[in-house]
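Okay, here's what each chain looks like letter by letter:
Number of protein chains: 2
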Amino acid sequence: MQLERMVNKTIVREGVFDANDALAQMNRERFDRAGTFVVNMMSSPGAGKTSILERTLERLRGRLRLGILEGDVQTTLDADRLERFGVPIAQVNTDPGFGGECHLDANMVRFGLAGLPLDDIDTLIIENVGNLVCPAEFKVGEDMRVMVFSVTEGEDKPLKYPLMFRSVELVLVNKIDLLPHLEVDLAQFERNLDAVNPGVERIFMSAHAGQGVEKWCEWLLARQRKMAAAP
Amino acid sequence: MQLERMVNKTIVREGVFDANDALAQMNRERFDRAGTFVVNMMSSPGAGKTSILERTLERLRGRLRLGILEGDVQTTLDADRLERFGVPIAQVNTDPGFGGECHLDANMVRFGLAGLPLDDIDTLIIENVGNLVCPAEFKVGEDMRVMVFSVTEGEDKPLKYPLMFRSVELVLVNKIDLLPHLEVDLAQFERNLDAVNPGVERIFMSAHAGQGVEKWCEWLLARQRKMAAAP
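The listed protein sequences correspond, in order, to chains A and B.
Numbering-wise, our numbering comes out as the position in the first sequence, counting from 1, plus 1.
Numbering-wise, our numbering comes out as the position in the second sequence, counting from 1, plus 1.
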């Protein structure tokens, strides 16, 4: 019963992922033509993605032409928070019906790109739906994947959601200002992280208190410089 | 294009939900025969479900025959944490393949029930996969749905994940010991919660510091008494 079920599921899902990969490739070609570096930012709900983007836009305004693609099940709350920075923002709501999709896929991103002047954007940050499982399964045409992990979630999370932690090039370990009030074991978190994604780059930060924000902005600028220098 | 996509998706998903509802009904009948009250507990990753269960088992041992069904993408870490209480625990891993399903469905719960002595369990708590979207879409045969919301996630979450907040009978508002260190607006959270699920019952608690744990245990005991008194 279990095996049969899994086999059927595998067949169906292969079809879904083939279509998604083809659309992700179309997005990729658009990004390449525009010379836009694209980050797919993922996390649990409430880990701090939007707060980090606020700090990023404050700091990089005038140094890097940023654009934002906001993915949410419902509302434009995150886009509203970022609007005051005057950068191009597109909102994609993953939709009504059955309560909304739990991730962005390549087609949703393609749809959102229609609202963005890609030629005027050096770095596009895609803020995915808050979820530690499904977003990691869908390529959207990004150059790099970054996840935000809030230390309030506990040190065991890399082991419990390994695909997410394994699929990223950088982990922003956020809310470290709360560490004195938590029982979380940060050294054990790092061991768990290395168990699923050995040596993956990590930046300890607090969007609230400001630690690490400059380092993250430097990371973005360095990627941009590297891309600009490529033939 | 968008409409066509949605129509296709709707058709496929209706099939999935029909099958799930039929299996949920089978689970429901098993629970009724055993006289077991069943709670489906949901939340974001790291909101504190397992910590709340630890406090619950400590307090209700000897007063209520509890059983636990643990749903995780991978690992048995949560079941391992609860094992020392000596209550029946079944583990369902939602599994490999494409990184694991992001929710428990009725068939996974049915599978897990094979490992539980339902006749000896008054109240079964199903700890769902950490995710604020998909678990709310799948009935598993439960009597009641409870969600754990961590105040660290921010006051906007009911608006951003309305199906989850709307689908539950009780919200455990956890980690309130951290409130002095956060910028979260709890009154606004309550207004947002009431906007999507007017007047839904809520218990403010801290599994870490102990506030509200007794109230939650009383809630469970009262449901059990009510069920036992029913004809």
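Since the hints were derived computationally from the structure, they do not count as laboratory data.
Cβ atoms here follow ideal geometry from the backbone N, Cα and C, with glycine treated the same way.
Among the hints, erroneous ones may be present.
Residues of chain B clear of chain A, computed beta-carbon distances all greater than 12 Å [to be verified]: (1) S52; (2) L61; (3) V74; (4) L78; (5) R82; (6) G87; (7) L117; (8) G131; (9) E138; (10) Y162; (11) P163; (12) E184; (13) E219; (14) L222; (15) A231.
Below, a sample of chain A positions facing chain B; criterion: calculated Cβ distance under 10 Å [stated by the list, open to error]: (16) L61; (17) R62; (18) Q75; (19) D79; (20) E84; (21) F86; (22) L133; (23) V134; (24) P181; (25) L183; (26) E184; (27) Q212; (28) Q225.
> Among the hints numbered above, which are violated by the structure, and what are their numbers in rising order?
Replying inline: Those not satisfied are hints 1, 3, 4, 5, 8, 9, 10, 11, 12, 16, 17, 20, 21, 27 and 28.
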